[in-house]
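The residues making up each chain are set out below.
Protein chains: 2
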Amino acid sequence: MTKRFSKSLLMLLVASTVSATAQDKRRDDLKKPLVLASQGSFFVGGESKALPAAPPTAGRGGGRGGFGAGNITINQMYVQYQKPVDSDQHVPVVMVHGCCLSSKTWETTPDGRMGWNEYFVRKGHAVYLADQSSRARSGFDGSLFNAVRDGEVPPNQLPNVLMATHEAAWTIFRFGPEYKKPFPDGQFPVEAVDELYKQMIPDLNSTLPNPNPTWKNMAAIAAQLKGAILMGHSESGFFPEQAALIDASGIRGMISIEMPCATMNAQQISTLAKTPTLIMFGDHLGDTQGGGLSWQASYEGCEKFVQQVKDAGGDATMMHLPKLGLRGNSHMLMQDKNNLEIADLILGWISDHVEAKKNVRKR
Amino acid sequence: MTKRFSKSLLMLLVASTVSATAQDKRRDDLKKPLVLASQGSFFVGGESKALPAAPPTAGRGGGRGGFGAGNITINQMYVQYQKPVDSDQHVPVVMVHGCCLSSKTWETTPDGRMGWNEYFVRKGHAVYLADQSSRARSGFDGSLFNAVRDGEVPPNQLPNVLMATHEAAWTIFRFGPEYKKPFPDGQFPVEAVDELYKQMIPDLNSTLPNPNPTWKNMAAIAAQLKGAILMGHSESGFFPEQAALIDASGIRGMISIEMPCATMNAQQISTLAKTPTLIMFGDHLGDTQGGGLSWQASYEGCEKFVQQVKDAGGDATMMHLPKLGLRGNSHMLMQDKNNLEIADLILGWISDHVEAKKNVRKR
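Line order of the protein sequences matches chains A and B.
So for the first sequence, the numbering used here puts the first residue at 242; every next one is plus one.
So for the second sequence, the numbering used here puts the first residue at 242; every next one is plus one.
In case anyone wonders, no lab produced these hints; they're calculated from the structure.
There's no promise every hint is true.
[Said to hold, decoys possible] Just so you have them, the derived chain A footprint on chain B, three or more residues with Cβ under 8 Å:
no., region
1, 282-289
2, 378-384
3, 404-413
4, 440-447
By construction, the Cβ of each residue, glycine as well, lies at the ideal position given by its N, Cα and C atoms.
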């Protein structure tokens, strides 16, 4: 008995050592120096807008916001990129964040682990992080705020400054059924949720014209790169599709994570069916309430969309993570504890559905 | 004659080939893959603020900015970093941008050359780019805008959304004596000025409490890194000094580029004199008008400050670039055509005034 027990224990130890070794290897691989062929940042889009001088009643020396009349640039989109060596072996990926967030979404996770931006680079993809037009380093058109301040426009015309509260985020992002109560199997690192709250910044999409210039800018960067995969999340989840409806020429693949799928007519479906599409949802879709959003309804709407694209001869894939054996993933799945496992699913889809279809175009 | 001419021509060719080779080598060095020990992003500072529900008259279902009552995080500072291998050989550098700009300031220049962020990393320094609190990826407190929108606060209480116009920037940044007219010897790549205009984003420092939380956050990151050089520019030019007055324990050096130097009392000067200080100004200080700023007066005020620090036994250096033989530099000297030459001056100062003084602390 003692001997058998010892043998079993030994085998268990061997097995766990092997597993630990595999995990250690992966962890060690990610600790190796990161080698970049190049990196940098630039803008896509943007146009000039003329601002009049402030009215004399503003009592600020005629300056508009402190400066005189003149032009500002609006609707531009800031993009930060890194290219690994031999990046021409893989299709570039453009990542666009969701509501009340910035490109920080894709970087170091709230609990300090590697984000998708670096992981995709380490897997051979050039990665482009875009701050949505009107957010973060892309700036926004603040002229209406000043016009109200100067008494030219009534205050009820002020754009809504959308700020997600901690309380709203907890349930909308599906960390748990109610504020501060996590799901027992939840993958989000709730012990570091305060670091996520710091990422949550005012959303000024209410200041944008219609259609949203980010759509055009996303189509433009794909064309500029002569081929790229567009990835959106939540508020921007369906932006790859909106971009493809404007100009699909540079879009090699569309990855849409956790959002409602817009209702499309037959012609739009036909256009979208020309580009491989991946849609992804996490777990607990029906288990939280908040913000008037129903993730379960969004998921079901996107299942219909996937079927429509397939019926039109397109290549559309729905990855519902619990169906693939991954439980407990939140809305912020790129920051969840198993975020690199999910990234591997996406990398596999890119390999099978985008890169296997034709030779990767040289850039 | 023909023979002598040929010989001269040959010598000229040899000389220019040597020079070209040296330039080629530098250019080739910068094209080598960039090897990073690590990179990532995080936040410094930040606190919770409770938002009440919107009044019923707002007619938006009781939500404040679309969500219910709850807490948001404000005054945090977003920081993005890269560490080269062997970064413990040099002191980390924290770079903070100026008015109406973001950390884009330090990245790829408007005409597509390497920015100081990557150059300093290639020279062995860990580099930390911070978006000022209330700017870009750091977010801002938008609650007063919504309170005005909801009729709770009069419109003349709206914070000023400071937007620099193209016209104002041209002269304030000293690209030339008047809009679209460059200085003949100007170093700013004016052919790409539209790309600079895209970097210019609304400045919401008017929403901040007093003292500016960026000062505290800059002191905090230096302490957290157990030693760092703080670099500020323009609006943030004197922030390293303001940070040192709060907590100088982590600040190994202060680099202040192109700003007015605040008037300090004897005790403040005595505190600041404990940390090596570099102040830098470009060219054409008295040759433009605009925005109520006098660069010449700023320069003269900073010369006085340098003398005060020296009189208190401190190590303060004024680099006025024209006096060092560098002509035509603009206010955006980190983006000027000779930006890496200027970076070398700063790296030399760090080596002589910060790193030579004591062993670099291991991180």
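Here is how each hint holds up against the structure:
1. Coverage of a stretch by a chain is defined here by at least three residues with a beta carbon nearer than 8 Å to that chain's beta carbons; for the region 282-289 of chain B and chain A the count is 5, and the condition holds.
2. Residues of the region 378-384 of chain B lying with their CB closer than 8 Å to a CB of chain A number 6, which satisfies the three-residue condition for coverage.
3. Coverage of the region 404-413 of chain B by chain A holds [criterion: at least 3 residues with CB-CB distance below 8 Å; count 6].
4. Counting residues of the region 440-447 of chain B whose beta-carbon sits less than 8 Å from any beta-carbon of chain A gives 4, enough to reach three: the coverage restraint holds.
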